[in-house]
Amino acid sequence: MTLVLVLSGAVQRGNEAAAPVDITVRLDADHQRHEARIRDAATEAISQYSEWFGPPPFDRLAIATIAAGLEPPPQAPGQATVGAHWLQPERSLTLEAAVARAIAKQWWGVSVAIPAQSLSDGIAEYAQSRTLERIYDRRHQRLAYSTYEVRYFGGLVPWAIRALRLDRQTAGIGRSTYRQHPDVDLRDGDPSLREARSAKVAAALLTLERYIGWPALQRGLSLATERYRGRRMSTDDFARTIGDAADRDLSWFFNPLFNDLSRWDYGVASLATEPLRDAQCGAAPCIRSTIVVERLGNAMFSGTAHPPSEGFESGRAIEIEMDFADGQRVIQRWDGRAQSQTIVFDGPSPVTRASIDPRDVLALDLTRLNNTRTTPAVDSSAVMTWSARWTVWLQDLLLTHAFFY
Amino acid sequence: MIAIVSWFSGLWRLSTSPWIVLAAYALLLAITLPLGAILHRELPPPSRPVMIEPGAGPVPDYDWLDEVTAHRRGLLGTLTPAVIGVAAPFDNLDRFASARAIPDFAIAMSGALLIGWAWLWGGVISRFAGGRQRFFSACGRLFIPVLTLNIAGVLVAIAAYAVARLILFDLIYPLLSNGAAESTAFGWRVIVTVAMIAPLTAITLMFDYARIALILDGPIAVPEAIRVGATTVRRNAIAVIALVAISGLLLAGLLAGYGAFEFIPGGSVPKLDRIILIGQAYIVARVALRLLNAAAQVALYRRISPEATS
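If you read the sequences in order, they're chains R and D. If you use the working numbering, the first sequence corresponds to residues 432 to 836, in order. If you use the working numbering, the second sequence corresponds to residues 1093 to 1402, in order.
Hint data in this document are derived by calculation from the structure and do not stem from the laboratory. Note that the coordinates shown come from a computational prediction; the quantities given were computed from them, not determined experimentally. Incorrect hints may have been included.
Far from chain R, some chain D residues (derived; all Cβ distances over 12 angstroms) [stated by the list, open to error]:
no. : residue
1   : V1097
2   : P1146
3   : G1222
4   : S1229
5   : G1310
6   : I1333
7   : I1338
8   : R1395
Computed footprint of chain R on chain D, listed as stretches where at least three residues anywhere in the stretch have a Cβ under 8 angstroms from a Cβ of chain R [unchecked claim]:
no. : stretch
9   : 1156-1165
10  : 1183-1193
11  : 1368-1381
Think of the CB as a built atom: it goes at the ideal place given N, C-alpha and C, for glycine as much as any other residue.
My request is simple: use the sequences and hints to build the entire structure.
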């Protein structure tokens, strides 16, 4: 027999609406202890989404829980179903993420019908990442998305690793899943890759947030719900609407995202320095620094739909930052179209660090390890901590085995 | 009562020879440290500036870790967030309880440690029993019989584990938990896990006391030692189990202590020196607990041996 606890409450809608939204929570017997957390996450999500996307498409919202791992029923107006575990650590916000994701679907998928599942999933994924950051900040006074959760004993017993706080820009949008399936195609319908497609769209939205700015992206998302409320919205409609709101042509970004098997990956291929014989740079001998950056993926992050002409670059979306030994910093722009780009500096001071996309604007960039080259090698204490921890893990594993001899 | 007296006697025996803990720890360190160095060499530098709070250590970068270990096998394939702090022993206990695969290199390292302990046990148990023989002499003299016994014990345990795993976790547990709520499934899993661990513990105890008999009762054959071990466990089950329970409680307390001290109060990530210090202190304490358990078993065996071996 399944016990169900029904609880009701209300939350004020966003700025534009006066009437509060009634929230009814129908909890599975295993999930009764999570009532306050679910209600808190729902309240925060509705409040934020109302502000970002426009008024809620429901007067009352019924949230039901099912066991984690089960396939939830299709979303219906005013009804959200959330998969939850019996045990959920306070510091891990996976439960809140599920609530925020399900509520986002009320705007993206229910109110605005979106045939492309990857788009509705991806927007919901992106939206929940923003909401959770606020919840974590409010509860723990730290800027993070969640605390890493590992599950033992067949997934039944969780443990939140307090030292490992996750950020919105990576874990929040499912970057790990995206990285595991770098060639995922958004036109594909394979159910096993649904999370990877969602993560790719979320990474694309985060890229836009950083490139055109959150106000422009938020205007675009709000405009999309306004234009397509009660109607179907295709990926082209979505791309056009975001471009309209940002007042720029974003087809150079959305076309490869939605219509090609696109893969974004930029890196610093090499950083070399050599003294120039018989050349003086002021009072000091000249040093030549040569930096080669490369495009490893088939997709380009150019910043414009205008093609290059007569050998001149078109677009300046990619940032390349170089630090010199004397403390100077130089930033160059690149349209990211060519297979590689070579930058040469002659001066009294060598380049010690070269970084492509140093501010992580391109969240779709598959590999970050190749984005920076430093000479000499950087302080390795952060890496050393991982080696030290791993050694303790191995020692403990061997001692556990030693139980048998 | 006899178990508690034996435990305190074991504590006294260990405290009079604390260098044994250091010797056992040095053995473990000699086996694991080279691998730690190899792993460190394989790790690339951080891809982003490392965030460091005042007075704290570098915040672990999950995205870097995920990228470094994606699609990797071997040492790097085992570098997961679960190696952080008290999650590491939980992960290892769960690896055993949930029959998750053991990395190949860890199996090889366990084999090396088994050989090392087979050498150590002769001297350790002789010393705990108050023997006058020189430590290293006892280690060498009893190495082959103890190694034979260790290998036999591990093989029997693996066989029992495989059978128990197949029956309990592949057949019975899915039947019991299918469609059940997680709280119910948890209850079933506890029962099934206890049912799996109980015979394994009995087998291990039998070989523990067989090892003690082999070392203390003079030159006897390995099968005879196993018979004595089985008789000891069977006839003194309550005392033997009580010692196991005390060891289990101490291990739980150690894990709780490790969990409490792995962070700087306030939730900040500790610095490298603190990570090494607390991590290695935990390992030394685990080695000491293992030896304390052995010393208590020796004390118990001394008290009951005339009865047990008859």
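A quick look at each hint next to the structure:
The claim that V1097 of chain D is not at the interface with chain R holds, since no C-beta of that chain comes within 12 angstroms of its own (minimum 24 angstroms). Listed as outside the interface, P1146 of chain D is consistent with that label: its C-beta sits roughly 14 angstroms from the nearest C-beta of chain R, beyond the 12 angstroms cut-off. Interface exclusion of G1222 of chain D from chain R stands, the closest Cβ pair being 24 angstroms apart, more than 12 angstroms. The Cβ of S1229 of chain D sits about 22 angstroms from the closest Cβ of chain R, beyond the 12 angstroms cut-off, so the non-interface label holds.
Under the 12 angstroms C-beta cut-off, the non-interface status given to G1310 of chain D relative to chain R holds; the minimum distance is some 22 angstroms. For I1333 of chain D, the non-interface assignment is confirmed: its Cβ lies about 15 angstroms from the closest Cβ of chain R, beyond the 12 angstroms cut-off. Here I1338 of chain D stays apart from chain R, with its beta-carbon at least about 15 angstroms from theirs, past the 12 angstroms limit. Residue-level check passed: R1395 of chain D sits 24 angstroms from the nearest beta carbon of chain R, beyond 12 angstroms.
Counting residues of the stretch 1156-1165 of chain D whose CB falls under 8 angstroms from any CB of chain R gives 7; the rule of at least 3 is met. With 8 residues bearing a CB less than 8 angstroms from a CB of chain R, the stretch 1183-1193 of chain D meets the requirement of three and the coverage assertion stands. Counting residues of the stretch 1368-1381 of chain D whose beta carbon lies closer than 8 angstroms to any beta carbon of chain R gives 7, which reaches the threshold of three, so the coverage claim holds.
Hint compliance for this structure: no hint is broken.
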